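Peer 1: For reference, the chains in residue letters:
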Amino acid sequence: MNPRKNSEYMSPLPPTQNNPAVLIDSLRVNRGATKVFTDLNLVIPRGNITGVLGPSGSGKTTLLRAIVGVQRIQGGTVSVLGQPAGNAALRHRIGYATQEASVYPDLTVIQNLHYFAHILNVSRTDVDRVIEAVDLQGQIHQGVSSLSGGQRSRVSLAVAMLGNPDLLVLDEPTVGLDPVLRADLWNLFRELASNGTTLIISSHVMDEAMRCDHLLLLRNGCLVAQTTPAGLLTETEQDNPEDAFLALIRREER
Amino acid sequence: MTYHRTFATTTRVLRQLIRDHRSLVLLLVMPSALVGLFAWIFSDQKMVFQSFGAPILVLFPFILMFVVTSVTTLRERRTGTLERLMTTPLGKGDFIGGYAIAFGLIASLQAIITVAFAVWVCGLDVAGPVWGLGIVAIGNALLGTSLGLLASAFAHTEFQAVQFMPMISFPQVLLGGFLMPREKMPDTLHTISNWLPLSYAVDAINGVTRGESWTYIAGKLGIVLGFALVAIVLASLTLKRQTN
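Here the protein sequences line up with chains S and D, keeping their order. All the letters of the first sequence, read from the start, carry residue numbers -12 to 241 under the numbering used here. All the letters of the second sequence, read from the start, carry residue numbers 117 to 360 under the numbering used here.
Keep in mind that the hints were calculated from the coordinates and are not lab data. Heads up, none of these hints are tricks.
Residues from chain S that face chain D, not an exhaustive set, calculated with beta carbons under 8 Å:
{"id": "1", "residue": "G19"}
{"id": "2", "residue": "V55"}
{"id": "3", "residue": "G56"}
{"id": "4", "residue": "G73"}
{"id": "5", "residue": "R78"}
{"id": "6", "residue": "Y83"}
{"id": "7", "residue": "E87"}
{"id": "8", "residue": "V90"}
{"id": "9", "residue": "Y91"}
{"id": "10", "residue": "L94"}
{"id": "11", "residue": "H105"}
{"id": "12", "residue": "L107"}
Model, not experiment: these values are computed from the prediction. Glycine is no exception: its CB is placed at the ideal position from the N, C-alpha and C atoms.
Make the full structure from the sequences, and use the hints.
Peer 2: As structure tokens, then:
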């Protein structure tokens, strides 16, 4: 399966392509005996929301790990904000939240944020800002282990937002949230993007595709499509993203 | 490595411990309880407690700190917080150093309580100064902490980490001079014991109870701390920003 053969579904790159947020060239990644990516190529533009969509096991998390620079790679290059992924200069510029809330369950919300604020050298006012952004003002002195799953993932998101990073990489930030909260978070993501932050957000819920500016559709470690929500629907002549994704896979299999 | 990040990590680890009351009480009180039990068993044979009581003072902090450290750092590897930290400016030395200082402080507190209990409640006789026992116990707790940090790099689960404890400590207990003086062991075993850090900890603490010179004790303790330092450096080196 060569991802390049799908080029007919690839929309023309946005005008920011000269200075993309992420540029991946012939990336090869093995995790244990599994070959996750054999030859992955993609571009993520700056300053808006790119959705990484695909079923569980399609390589979304590995892709995000490669972008934030914690994934050991076997070949190819990953360049992020003009630097090789994992470069020390990027450590102040990237916010990352893993799929499970990567915060300390045995600390309170505010203790978690203060610790990461120290590490990133950001002020306490910034801590207040991110708490307000994720709407956790009422829970700051509560232990993270006593929070609901949704609240916990918002603590994790707040940590990622500390210091206003240029790039936010969020692995399934809305999983398990109720629809109201999910809509709130997407409004927050939109607001961050309009202030110039680049967001890369993975999801296995195809409906969330429609809220993104750009889409990367992954399946079995291959890029099925690199497109926009509107492009996805028109190219496949479908009226919802779920069917559009199915249509793409069927075309690919033919 | 930056001081404020190391210090922030130390504070965070201590906060985690302080919020976990049960673990904190176990850490601080359990060694004393075990020393008390040991003294009680041999209450009719005072000589046994006098000759084995002091080595036990270095054994408990070593084993406890080894288990606590390896399990805690492993939990950090498994919950994604370490992965997140590795994307931040936190240095690997900050992480390991932060843990080592935090657990070193807890270990010192534990050592002070245990030594005080052994000497003033159980009646352990020391020819040298009592605080000499405390210093050796702290040094040994640091050894347990640093070996625990190193061991956590080689374990994939908490279950494995816990099983490293007997693997690391039992041979050292058998060969380190707890059960019989090292000089009386077969030559091969005596030579092996010369390469184990716990042997020097036992030498040091027996030196204090016998009232040996400070140069003798400091020399032995220096070797223990040397092992601890090497383990800490190796632990920082085995910590990788990129994983599979």
